Every structure is written in C-alpha cells, then in structure tokens.
Amino acid sequence: MTIFHFFNCAILTFGPHAVYYSATPLSEYDTLGTSVKAALVYLGTALVKLVCLATFLKVSEGDIFDPYQELLKALIGFIDVAGLYFALTQLTHRNISQNHKFQAVGLGWAFADSVLHRLAPLWVGARGLEFTWDYILQGLEANANLVLSISLAALGSLMWLRKNKPKTLIPIIYLCAGIVATMPSITSYLRRGLGWHLPKVVCFELFTSLVMAFISWQLFSASQRPSA
Amino acid sequence: MGQKKARDREFIESMYSMIPLVFILVACVELCDAATVVDVYRLIQYDISGAQFGSRLATLNHHAASLHFPPGSDLSRTVLIIPVREFNFTFIKEYIERKQPLGGLLFLLPQMLSSYAKHQKERINTVLVELERLLIHANIPYPVYFAFEDDDIDAVLADIKRSDASGQPATATTGGFKLVVSAPEPKKVASPTVSNIQGWLPGQKADGEANQLPTIAIVASYDTFGAAPALSVGSDSNGSGVVALLEIARLFSILYSNTKTRGRYNLLFGLTSGGPYNYNGTHKWLRSFDQRLRESIDYAICLNSIGSGDNKLYIHVSKPPENAYIRQIFDGLSNVAEVLGLEVGLKHKKINISNPRVAWEHEQFSRLRVTAATLSKLSVAPELLDSAGGLYDNRHFVHETAIIRGVKLVAESIARHIYGQQGKNIEIFADDSSLAVNPSYIRSWLDLLSRTPRVAPFLSKNDPFIMALKKELADLTDEVNVQHEVLDGIFTFYESTKARLNIYQVASVTFDLLLLLVLGSYLIVLFSFLVITTRGLDDLISLFRRPPSRKVKTA
Numbered sequence: 001m002t003i004f005h006f007f008n009c010a011i012l013t014f015g016p017h018a019v020y021y022s023a024t025p026l027s028e029y030d031t032l033g034t035s036v037k038a039a040l041v042y043l044g045t046a047l048v049k050l051v052c053l054a055t056f057l058k059v060s061e062g063d064i065f066d067p068y069q070e071l072l073k074a075l076i077g078f079i080d081v082a083g084l085y086f087a088l089t090q091l092t093h094r095n096i097s098q099n100h101k102f103q104a105v106g107l108g109w110a111f112a113d114s115v116l117h118r119l120a121p122l123w124v125g126a127r128g129l130e131f132t133w134d135y136i137l138q139g140l141e142a143n144a145n146l147v148l149s150i151s152l153a154a155l156g157s158l159m160w161l162r163k164n165k166p167k168t169l170i171p172i173i174y175l176c177a178g179i180v181a182t183m184p185s186i187t188s189y190l191r192r193g194l195g196w197h198l199p200k201v202v203c204f205e206l207f208t209s210l211v212m213a214f215i216s217w218q219l220f221s222a223s224q225r226p227s228a
Numbered sequence: 001m002g003q004k005k006a007r008d009r010e011f012i013e014s015m016y017s018m019i020p021l022v023f024i025l026v027a028c029v030e031l032c033d034a035a036t037v038v039d040v041y042r043l044i045q046y047d048i049s050g051a052q053f054g055s056r057l058a059t060l061n062h063h064a065a066s067l068h069f070p071p072g073s074d075l076s077r078t079v080l081i082i083p084v085r086e087f088n089f090t091f092i093k094e095y096i097e098r099k100q101p102l103g104g105l106l107f108l109l110p111q112m113l114s115s116y117a118k119h120q121k122e123r124i125n126t127v128l129v130e131l132e133r134l135l136i137h138a139n140i141p142y143p144v145y146f147a148f149e150d151d152d153i154d155a156v157l158a159d160i161k162r163s164d165a166s167g168q169p170a171t172a173t174t175g176g177f178k179l180v181v182s183a184p185e186p187k188k189v190a191s192p193t194v195s196n197i198q199g200w201l202p203g204q205k206a207d208g209e210a211n212q213l214p215t216i217a218i219v220a221s222y223d224t225f226g227a228a229p230a231l232s233v234g235s236d237s238n239g240s241g242v243v244a245l246l247e248i249a250r251l252f253s254i255l256y257s258n259t260k261t262r263g264r265y266n267l268l269f270g271l272t273s274g275g276p277y278n279y280n281g282t283h284k285w286l287r288s289f290d291q292r293l294r295e296s297i298d299y300a301i302c303l304n305s306i307g308s309g310d311n312k313l314y315i316h317v318s319k320p321p322e323n324a325y326i327r328q329i330f331d332g333l334s335n336v337a338e339v340l341g342l343e344v345g346l347k348h349k350k351i352n353i354s355n356p357r358v359a360w361e362h363e364q365f366s367r368l369r370v371t372a373a374t375l376s377k378l379s380v381a382p383e384l385l386d387s388a389g390g391l392y393d394n395r396h397f398v399h400e401t402a403i404i405r406g407v408k409l410v411a412e413s414i415a416r417h418i419y420g421q422q423g424k425n426i427e428i429f430a431d432d433s434s435l436a437v438n439p440s441y442i443r444s445w446l447d448l449l450s451r452t453p454r455v456a457p458f459l460s461k462n463d464p465f466i467m468a469l470k471k472e473l474a475d476l477t478d479e480v481n482v483q484h485e486v487l488d489g490i491f492t493f494y495e496s497t498k499a500r501l502n503i504y505q506v507a508s509v510t511f512d513l514l515l516l517l518v519l520g521s522y523l524i525v526l527f528s529f530l531v532i533t534t535r536g537l538d539d540l541i542s543l544f545r546r547p548p549s550r551k552v553k554t555a
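Keeping their order, the protein sequence lines are chains A and B. Per the UniProt record's numbering, the first sequence starts with residue 1, numbered consecutively. Per the UniProt record's numbering, the second sequence starts with residue 1, numbered consecutively.
Okay, chain A solo, but in the shape it has when bound (with noise of 0.2 angstroms):
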C-alpha cells in the first residue's frame, strides 16, 4: 500500500495550490502564465541562493544552532524577496489586476517550491515500506508555505506596486513583510535551537501561516478602501 500512501501525500502536498487556482478567480482570468513566470523566476532566485549559501556558509557538522550561520542563513534567504519583487514589478505577462497578479505570483511561488523541496524526498520516502508521519507533515507544511507565500506577495504588492496606501499602515507592512520573510529562519530556529519536534513545528507554521494570512488581508483591504 505504499503508493497509495504516496498518493495520498501528494494529495496534501500539492492538491491545495491546485484547488486555489482553481477555485479562486485566477482560473477564469488564465493567469496561468504569470504563475508560471513566477516559477521560473523562482527557480533562478533558489539557483542564486543555492551559490550563494555554499560560498558563504560553512558546512555545519550535525544539528547545531548556530547563531552566526543562521542570521548569515536569513540573510540569504532575502534574496528570495529580492526574487519575489522582480517577480512583482518586471513581469507583465498580460494586464491582469494588481489583485490577480500577487495571487499568481504567489501561487506559482509556493508551487515551485513545493515541487523542488517536497517532490523528491515523497517520491523516495513514502514509497518505502517503513511507515512514517514525516510526510504527511511534509505536506501540511507545504500548505502553511503555499499561504506564506501568497501573503508575502500580497504585501509585496502592497509596498512596491500600491502608491497611495495609508502612511499609518506603512511601518504595519514593512514589519509583516519582514516576519514573513523570515519564517524559515525562525521555524528553523524552532526545530534546532530549541529542539522542537516535527509536528510541533508544523503546528506552529500552520498557526503563524492563518494568522499572517489574516492580518494581510486586513493590511490589504484597509489600504483598497481609500481607492475605492
């Protein structure tokens, strides 16, 4: 029954990106391009990042929390900002609305990410006869990402592409942006620091994942109000 187990991890690691796009109006507006963009500029973005950790980072011997290596690691891991706004900005792929365009971008994001983290690793382990929650895990975590995702570009959108936002939100956003963007340095502080367990942290991914979900969908309909 392995395949099947396979099957059904998959289902959870990369059904919910589908159903969003399927679900939400991205698929009557065919952004499927802009997704796609996104996916490739997120493919170079990993490439950069991929250098750039192996000229910078040592190569750490076991699990160890390290703080200098961890700050250098989250600074890397800016460039995938940097990757997402190049992401927002220079790609027009069709005039599609700014509102479609960071949902996307988003998507295309998490699905890419997805794919080169999760796809492998399920393809070996789950077919396995050992049984494990691992993947399973896995697969909520790539929710908790694809909502991540979709949230940074929403604030993204916000800073780079909105002009006349509210200033009182401006600080708001910048901050929410920053935790965002730090999230893999913080689960991963969670998981080797403090030694959490796998499901601990997941649950805790999915947690912070609804609640910056939340709070950017009030950032970003208390900065349409004006406009509207």
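Incorrect hints may appear among the rest.
[Stated by the list, open to error] Derived list of chain B stretches under chain A, where covered just means 3 residues or more per stretch with a C-beta under 8 angstroms from a C-beta of chain A:
# : region
1 : 508-517
2 : 530-538
[What the hints assert, rightly or not] A short, non-exhaustive set of chain A residues, derived as facing chain B with CB atoms under 10 angstroms:
# : residue
3 : T2
4 : I11
5 : S22
6 : G139
[Said to hold, decoys possible] What follows is a list of derived Cβ distance ranges for each label pair:
#  : chain 1 : residue 1 : chain 2 : residue 2 : range
7  : B       : Q120      : A       : Y189      : 47 to 53 angstroms
8  : B       : V129      : A       : L194      : 54 to 60 angstroms
9  : A       : L194      : B       : V525      : 29 to 35 angstroms
10 : A       : L194      : B       : E97       : 54 to 60 angstroms
11 : B       : L67       : A       : L53       : 50 to 56 angstroms
12 : A       : Y189      : B       : L67       : 44 to 50 angstroms
13 : A       : L161      : B       : S521      : 32 to 38 angstroms
Since the hints were made in silico from the structure, they are not lab data. Since the model is a prediction, treat every value here as computed from it, not as a measurement. The C-beta atom is built at its ideal place from N, Cα and C for all residues, glycine as well.
Given chain A, work out where chain B should sit, using these hints.
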C-alpha cells in the same frame, strides 16, 4: 517559421517521452530505509540422500507476531518472533511436527549469556539443545532465522506484544511490523570439501637402525555442525579437542627440538574435517596413508569434547578391554589421571561394519585395524549430527582448566610411553617448568575457535581459519600437509547462511483509506471556502447546476 515551430514541437514531444523513462529509472532505485536492520542467521538447509531437512526457504516478507497472538488466528502469513528466554517448547514442537502453516520463525538468542545466573544459563542451554535437535531433524517449509537480542529488536518485540495482547489488528498507530529478508533462492553448495591438516614430528633414529620408527597419532576433528551454520562455533565439540591437540603439539615440539630429548617415536598430529558426517574426513585421510605408515602407527588418540563437565573422562574403544594394546593405553592414561585427580572410565563399543554410522573418530582407525581410542567427556556415542557444536556449545560452557587437565593427561601418558617410563610416577610437564602447559596459549586459541563458525561445507579451501591452523602446525611440527577431499555424496548443503533482516513499521490499508477520505474532504472544504470568499455562495451553487442555467446567468 512554421517549420521551426514544428521542429520545436517534435523536440518537446520527444522530451515528454523522456519523462516517464526518468520516473521508471527513479522507481527502480531499491529503497532501504528500514526502522531496524538486524543480522540474522538462517537455519541450516540440507539433504541426506535426497531426504530434505532444515528450513527450505530463505526469503521472508510477512507481518510479525509474538507468542501472545490471539488464539485461533491464521498464522500462515505471519512471522513468529520467539525469544529463547521465554520459550514455549511444546507449542513449537506441535507446530513443527504437525507441519502447520506458518509464515516464518525468528528465534531471538540472548546476547550476553554471561550476565545470566547459573540456573538460568542451564535452562537456556537445555532449551537450545532440545530446540536444535528438533529443528535439525525436521523438514520445515518456511524460513527460520536466528538473531541476537538487542535494544532495537526488543523495542519492536515489546510493541508487537502490546498490540497482540490488545487483540487489535496491526495499524500504523498500534505498531504493525513487517519483517523482510530479501535473499535469493538457496543454491546447493557445489562440491563441499573437507580439508585435513596433518603435522609430522619425526623421532630420533638410532644409528644404523633400518626399521621404521613407530608412530603415535593424536587426532581431533575441527569442524562443526549446528542449527545455524553461521553460529555453530563448537567451543567444546570440538574446539576443546583442537586446542588440546595444538598444545600437545607445542609441548612435544619443545621436546623434539633437542636431539637429546627427541623420542624414538614419530608423532603425527591430525586435524580432520567432516567429523559430524561419520568422520568422513578422517576416513579419507587414513585412506590416503601409505600402507607402511599406517602399519607403523602404534596407537592413535582422538580428542573429542574435553572442555567441560566434571572430573570424569571416558576412553572409548572398539576392541575388547582385554586386548593388550587397549590395556596399555588405558593403564597409561589412568595412571596419569590418578595423579591429576581425574576419573577415567573405559567404554567399549563394537563396530558394526554394515552400519554406515561412525559414532567416534577412533572407529575409522579401528576399521583399518589400527589401535585407537577416543578421549571424551561424553559417556555414550552421539547420534548422527548430534553434539557437533550447536548453538548451545559456546565459550561460556567451556572451562580452560578442563582442557589443561586433558592436555596434561594425554601429553604425560604419551611422554611416559615414548621415554619408557610407564607406571613410574614422574611429571614431565610439571607446572612452573619450561615444559609447563601454557594457559594463555590455550585461552587465545579457545577464544579464536569460539568466534569462528566451522561448518565444513561453508569453509572454502583457502579459508583464513584453515590457513591459520596450517600455519600454527607448521610452526610446531617439521612437516605439514593439507589434504582437500570432496565430502561424500549423501549430504547436500544449501547456501545463504547469513542475511540481513529489515524491520519496517507499516501502515494498514484502512489507515490509508481513511487518510484519503480526510484529505478529500479537506480539499473539498478548501475549495468551497475559497469559492465562497472570492466569488460568493451563488457561484459555488451554480457550479453544481447544469450548464444551461449558467448560460442564462451570463446572458
């Protein structure tokens, strides 16, 4: 342009066909990420003139169960894990004798025997003797493995016991385990060889003496036979005999290295193989002798299982005790035994030439009319394949002091015979002299033998162990020969004595189905939620209406 596009499309299509290929390649990569990997040792598989014995299968792929399985359950697709400590012999006996279907058996042997109390040790010992006798002489149509207990496997077993006790079917959460041994079908061992090693210490000839010197032979068979060939080290049967022979060779090599103390007897040391199989190697070895050499043998002493037991040893002979030569050997040994505080008994067993069974090594000599005796702690002749170094026969049950006594007994009596000191109370190999028995030499060889499984069909011609024995005898004696012979045809052995057992924790089908259900409903809820929040409830409902209604709406 159009042509270019078509070419591009062709290229892309060819790429598409590559994708499944890549996937197939990835799928072929064998996965090995088990929770636990254990070394396991298979029950021996062999035929005696076509009749099949032992475990007839090697591959294993079944769920695990403990002895606490719910009564009345079908075990034909389960592997029973049985620790020898808490053994239910009647149950196993019933299962094997009635040939009830079973997926497989995994016996767990205690890891550290020395940590057990004496009575516990003895209990385990008797259990192992019974178990081994049962398994060796049965034809078992499923795989049977032995493994040593360790923390990993104990944890697995505790999990299995818990789920068995609760009577629930195994699931991912209550601990279902699958035991997998992937082994090829056991092949026959092409032509099992027996290798006999002989060392020769020539005696001193008086000047102008034309006649050949008489020879005394000291013989021990070194190979073993047991339920698990990879575990049958036979510390007592017949590791103790081999160690004693090497020590006797060492003592006489010191004596014979000096021309003044070199005796007027040749000494022949023989380490023979094929002992459990009616001393087939001894038979071949004696047949290869020159007629003159065979006639020159004054007597032969065979050493067999002298490393344990109390102060009683038996001298087994095939000629009646009244025979002058037998008398002479027995008197020689019993004189020395008196001094050592040993008790020596004489056991006479006639040879039946028509019976192919050769219970003692000296019987092979006797069949060729050479005077011979076997020194052993056993009082009665063992059955075929019995007492040949099984699971129970390990270092814990062998005592160096017993071997030292045996060495002194044999060496002293031979020395008295050689130097014509029969009946006199002198001690040639006295403690604290340069000719004292060396306990550390005995210990180191005993330790080596207790680590080396020595089932003859699985020992190659150039096995390191045979090379080591040869080198040791070469150091101690003047001339060493190794003789390789093919083991006689009625025995057939099968390979794969060792394997690796993967223990996987697996999820049940119901769990997977349930998971699919949960995931499906999650996705449906997510879909509905997203549609309602972004497009409104009406859109969601309209999705389930028929197309005409949608047309109306767009119009």
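Evaluated hints:
1. 508-517: holds (count 5)
2. 530-538: With 4 residues in contact (Cβ-Cβ under 8 angstroms with chain A), the coverage given for the region 530-538 of chain B holds.
3. T2: This hint holds: A:T2 lies near chain B, its Cβ roughly 8 angstroms from the closest one there, short of 10 angstroms.
4. I11: The hint holds - A:I11 has a Cβ within 10 angstroms of chain B, the shortest such distance being about 5 angstroms.
5. S22: Result: holds, 7 angstroms to nearest chain B Cβ.
6. G139: holds, 8 angstroms
7. B:Q120 with A:Y189: 47 to 53 angstroms: About 51 angstroms separates the Cβ atoms of B:Q120 and A:Y189, which means 47 to 53 angstroms holds.
8. B:V129 with A:L194: 54 to 60 angstroms: At roughly 55 angstroms between Cβ atoms, A:L194 and B:V129 fall inside 54 to 60 angstroms, so the hint holds.
9. A:L194 with B:V525: 29 to 35 angstroms: holds, 33 angstroms
10. A:L194 with B:E97: 54 to 60 angstroms: Holds - the Cβ-Cβ distance for A:L194 and B:E97, about 59 angstroms, lies within 54 to 60 angstroms.
11. B:L67 with A:L53: 50 to 56 angstroms: holds, 53 angstroms
12. A:Y189 with B:L67: 44 to 50 angstroms: At roughly 48 angstroms between Cβ atoms, B:L67 and A:Y189 fall inside 44 to 50 angstroms, so the hint holds.
13. A:L161 with B:S521: 32 to 38 angstroms: With Cβ atoms ~37 angstroms apart, the hint holds.
Figure legend: structure checked against the earlier numbered hints; every hint is met.
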